[in-house]
Amino acid sequence: MTDNSNQVPTVESIAPRVFTVIAKQKRIPVDSVTIESTFADLGLDSLDSVNMLFDLESEFDISIPDEEARNIKTVLEMVEGVRQLIITKSQSQPQPAGGQ
Amino acid sequence: MNRRVAITGIGIISALGKNVAENWKALAEGRCAIGPITISDVSSLKFLNGAEVPAYDSAAYFPGNQADFLDRFAQFAVIAAREAVTASALDFRGEFSDKTTIITGSSIGGQGSQDAGFWAVYHERQNRVHPLTIPRTMPNAGASAISMEFGIRGPAYNISTACSSSNHAIGNAFWAVRSGLADVAIAGGCEAPLSFGILKAWEAMRVVSSDTCRPFSRDRRGMILGEGAAMLVLEPLDAARARGARIFGEIVGFGMSSDASHITKPAPEGAAAAIRKALDDAQLQPEQIGYINAHGTGTLVNDPMETSAIRAVFGTHADKLPISSTKSMHGHALGAAGSLEAIATLMALGNCTLPPTVNYTTPDPECNLDVIPNQARNARVEYALSNSFAFGGLNAVLAFRSAE
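Protein chains in written order, with our numbering: chain A, 1 to 100; chain B, 1 to 404.
Calculated from the structure, these hints are not laboratory results.
On a predicted model such as this, the values are computed, not experimentally measured, just so you know.
Hints should not be assumed to be uniformly reliable.
[Said to hold, decoys possible] Listing some non-contacts, in silico: residues in chain B with all C-beta distances to chain A over 10 Å:
{"hint": "1", "residue": "2"}
{"hint": "2", "residue": "262"}
{"hint": "3", "residue": "320"}
{"hint": "4", "residue": "321"}
{"hint": "5", "residue": "380"}
[To be verified] Using 20 Å as the maximum straight-line C-alpha spacing, the simulated PhoX-like pairs for lysine-lysine come out as follows:
{"hint": "6", "chain 1": "A", "residue 1": "26", "chain 2": "A", "residue 2": "89"}
{"hint": "7", "chain 1": "A", "residue 1": "89", "chain 2": "B", "residue 2": "46"}
{"hint": "8", "chain 1": "B", "residue 1": "200", "chain 2": "A", "residue 2": "73"}
{"hint": "9", "chain 1": "B", "residue 1": "200", "chain 2": "B", "residue 2": "46"}
{"hint": "10", "chain 1": "A", "residue 1": "24", "chain 2": "A", "residue 2": "89"}
{"hint": "11", "chain 1": "A", "residue 1": "26", "chain 2": "B", "residue 2": "265"}
Glycine included, every Cβ here is placed at the ideal spot set by N, Cα and C.
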């Protein structure tokens with residue numbers, strides 16, 4: 001992972017990793033997941049969503065609060081939510097230069 | 001041979017109190033026992049609250065080193081059984097010893113003891129765990145401890161069906177007594193899940209509320225874990241009358257079903273099937289039911305599902321049928337839940353007072369039943385149901401009748 005804390009992460013940089021997490025968890029081809037997909041389109045039920053959130057927390061080293069996760073129903077919302085959490089995290093704990 | 005089955009003893013320990021009287025007083029007052037968990041370090045959890053038995057001191061119940069042999073859940077089982085057996089005034093040393101069955105419900109058994117053992121080997125890098133880790137952890141430890149406590153030599157076993165465990169236990173005990181397989185049964189549930197590793201596992205499921213439990217309320221945010229045990233003594237009604245026993249009520253029906261659908265998401269068809277089977281088993285019409293103690297976990301998914309199951313079975317009668325979730329007061333004690341709620345239901349029938357669903361703030365169109373919000377209600381009810389619907393789609397419903 002090469003995120004630089006000075007650089008605000010973009011949807012474009014995060015989206016492919018979110019697609020991969022969802023595809024791996026649901027055992028579906030990664031190209032079947034798009035930024036426009038809804039969780040319903042992908043057949044994600046409530047338990048799939050909980051698994052996805054768990055894997056996303058590992059992938060991005062973030063903690064996704066229940067309250068925020070509850071309202072997310074699409075891949076775009078998920079990518080944007082992850083992006084915001086990464087920004088919040090980088091602001092709250094300034095990384096030393098060359099940090100992971 | 002189908003015998004009527006009377007309940008001649010009840011005992012309970014929960015966050016609401018350490019005996020039946022304390023529990024009923026709290027339920028009738030609508031007192032919520034949910035508060036900060038103190039027996040585990042919850043500082044790294046996303047939720048801080050549970051329904052914990054307050055200021056529990058095992059030494060007050062178990063002299064010498066007796067408590068060392070029992071996990072908290074099994075201690076609770078013995079405490080509840082003592083109260084129930086005392087109330088029944090039965091003596092098991094004689095002819096009843098072989099003819100009494102003990103059926104407990106516990107979902108996770110003594111996983112708190114296992115958790116402590118795993119902490120020792122995985123975290124503290126000790127090369128050994130406590131020698132009693134196995135017997136403390138086994139989910140049958142409560143049933144075994146009750147059998148030893150009273151010298152009961154009949155069949156004793158534990159049923160583990162997640163949140164339906166104790167309804168399955170009580171239901172099977174009811175059938176055993178009704179059919180003549182057993183002359184007496186001690187049945188109920190016991191659970192103590194407020195151990196750190198278990199709390200973490202529940203946190204990961206994202207079904208635990210960050211503050212409190214508001215079943216059927218639009219702003220509900222999940223369940224609150226609870227602990228405790230409750231036990232019932234069952235015997236044939238004729239035998240109970242012949243010996244002049246106090247009769248707390250009858251169990252008149254039991255229904256079970258499986259959703260065959262999803263490992264965690266409940267299906268209303270399965271819940272409705274269990275309710276119908278309980279009514280059929282009791283030979284009751286839906287219109288005869290005057291109260292339901294709901295499963296009512298307060299999760300986003302359960303409460304609308306349960307509402308639609310009740311509507312499917314009861315039709316227009318559902319609009320006149322008060323229900324409540326006492327989990328809003330004693331928390332969700334998993335494998336002990338059905339037993340705590342059996343006591344609540346029996347006491348409701350006996351005292352002509354229906355316990356409320358507390359913490360209720362806002363109607364939810366998807367949960368549009370009369371949930372007895374926040375305040376107990378006076379009502380004379382003859383027949384009531386108590387619902388339990390487990391993860392894994394396993395449903396168990398009991399039908400009760402008030403004492404004549």
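Original post:
So which of the earlier hints does this model not fit?
Top reply: Result: hints 2, 6, 8, 10 break, sorted rising.
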